[in-house]
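**Student:** Okay, here's what each chain looks like letter by letter:
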Amino acid sequence: MRLTCWSRKSPSTACAVSTDRETGGFDLDAAWRLHPQVSVRPERFGALLYHFGTRRLSFLKSPALLTVVRSLDTQPTARAACAEAGIGPAELPAYAGALATLAASQMICGRTA
Amino acid sequence: MTVPVAPLIEQFRSGLDAPICLTWELTYACNLSCVHCLSSSGRRDPGELSTAECKRVIDELERMQVFYVNIGGGEPTVRSDFWELVDYATAHHVGVKFSTNGLRITPEVAGKLAGSDYVDVQISLDGATAEVNDEVRGQGSFDMAMQAMRNLSAAGFTGFKISVVMTRHNVSHLDAFKAIADSFGAQLRITRLRPSGRGADVWDELHPAASQQRDLYDWLVAHGENVLTGDSFFHLGGYGQELPGLNMCGAGRVVCLIDPVGDVYACPFAIHDAFLAGNVKDAGGFADVWRNSELFTDLRRPQSGGACTSCSAFDACQGGCMAAKFFTGLPLDGPDPECVRGYGEAALAAADAGAAPRPSGDHSHRVAPRQGQPSRARQPVPVSIGPRPAQLAPGAQPVANRRSVPDRACDQSPLAGFTLAAER
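If you read the protein sequences in the order shown, they are chains A and B. According to my numbering, the residues represented by the first sequence are 1 to 113, in order. According to my numbering, the residues represented by the second sequence are 1 to 424, in order.
So that you can see chain A by itself, here it is in the shape it has in the complex:
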């Protein structure tokens, strides 16, 4: 659980890098992180994510995707996080798509560095 000083009066600036919501494009070579207001609950199928700011619930539909999301903070890029989780090239586009969806709903966000 991560709590921050976010307030509904002063919207979060935690997402330093914007994503392309129109195309769902996702930059695998950028540095990403779990949004600080998102809580993760592991489940048999993967995980439940809840964003305390947007009050939205999302699902990670595979344990491997949970591994990827959890390692975003420590890996230099999303591509590296996927590699670390054992995602092969053939699967990479699907994972990039899932990450794009998570970015569009602000579950994950870019970080500088």
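It cannot be assumed that every hint is accurate.
Here are the in silico distance ranges between beta carbons for each label pair [what the hints assert, rightly or not]:
#1 A:44 - B:331: 28 to 38 Å
#2 A:80 - B:14: 32 to 42 Å
#3 B:50 - A:30: 46 to 56 Å
#4 A:80 - B:9: 29 to 39 Å
#5 B:292 - A:63: 16 to 26 Å
#6 B:81 - A:44: 28 to 38 Å
#7 B:87 - A:36: 16 to 26 Å
#8 B:168 - A:44: 38 to 48 Å
#9 B:312 - A:44: 50 to 60 Å
Examples of chain A residues lying across from chain B (beta carbon under 10 Å, computed) [unchecked claim]:
#10 28
#11 31
#12 34
#13 40
#14 43
#15 44
#16 45
#17 46
#18 59
#19 110
#20 112
Hints were generated in silico from the structure; no laboratory data involved. We treat Cβ as the ideally placed atom computed from N, Cα and C, and that holds for glycine.
Given the coordinates of chain A, work out where chain B should sit on it, guided by the hints.
**Tutor:** For chain B alone, kept in the frame of chain A given last:
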């Protein structure tokens, strides 16, 4: 992902280790006496959980990683420890959305709420005019709710919810409700009138007429993206396209209700011994009730749709709402009383209305009963403390019948705002 959607739904059907979220009614006490109150609230129950007991429940919810609770009542803010409990929950990583009629939302409270990151507020309003609202919720309740909204808005609290129970007198107000929400930067949430609690007494006269159901469906199709429904109108899916939401009944699987005395029910609309799974004060606490109770284990088994399975609309409606059927005396594996194909009306005509199960417990204010209604309000207050009753109450269904609950969503919006992210 290579995993298709179906298995996720199957996971939900077979239940999770902890609810995605739950409804927690903190007190039966209420300053109002809404005619359709699903928990027959009015007077406090002497057995209501103490502050310490509530905090123990919150501790448990934190351990189970329940992200947030929908707190209601009664009017939850009349509890003297209400703000203390809200603060305790958010400090323990359990978000709070509470429903209120606006009673305690003063400018000062609104300012405090606006600065709180993990608290959301839902104001109840059942008419876009004082005339229509107050007929259901009581004299002065419209002005009280509107003042609360003005206070929230003035304090900079945007995105609060305006919660409307749809009746035949307010379906025509949908656009007006939306306009009120928009004017405050709030979000409209509409839910279905259930024949639960005192709602059982007024359902016949208040539930939307068949033509209004169609209007409601069309309105939801046009505005669905911006309006919350708590998945409560999936029975309207039989008109055509499925409405947004989770296509399953969450009762006892991903949602449940904790009532003011700590009793755990399968869903907020099913306060009846037939749907009582246990109590948070039982030896194993809430977690044991959630994970191991006989009732919830049963609800997580595959369900039967009965005769409805041969209907072409069944894929969309799945037979409708368990609670709506139960309290109108219809079999749980039969059609919903508001079935859009009309099978519900036929079933109601054939059913023995007098045999419909009565809601368990009544905390209504001791006022004259509505004309023509039985004087249940004058009965003693049942206090649910002590050991669980060994036998089902009159009207309760045996366990075997409970298996025939519909396989569809119908909760008090635990999944409102739910998105299917990462569905690839």
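**Student:** For each hint, tell me whether it holds in the structure or not.
**Tutor:** For each hint, the structure was consulted:
no. : hint                     : verdict
1   : A:44 - B:331: 28 to 38 Å : holds, 33 Å
2   : A:80 - B:14: 32 to 42 Å  : holds, 35 Å
3   : B:50 - A:30: 46 to 56 Å  : holds, 51 Å
4   : A:80 - B:9: 29 to 39 Å   : holds, 33 Å
5   : B:292 - A:63: 16 to 26 Å : holds, 25 Å
6   : B:81 - A:44: 28 to 38 Å  : holds, 37 Å
7   : B:87 - A:36: 16 to 26 Å  : holds, 21 Å
8   : B:168 - A:44: 38 to 48 Å : holds, 44 Å
9   : B:312 - A:44: 50 to 60 Å : violated, 34 Å
10  : 28                       : violated, 15 Å
11  : 31                       : violated, 19 Å
12  : 34                       : violated, 13 Å
13  : 40                       : holds, 9 Å
14  : 43                       : holds, 6 Å
15  : 44                       : holds, 6 Å
16  : 45                       : holds, 5 Å
17  : 46                       : holds, 8 Å
18  : 59                       : holds, 6 Å
19  : 110                      : violated, 17 Å
20  : 112                      : violated, 23 Å
Hints 9, 10, 11, 12, 19, 20 from the earlier list are contradicted by this structure; the remaining hints agree with it.
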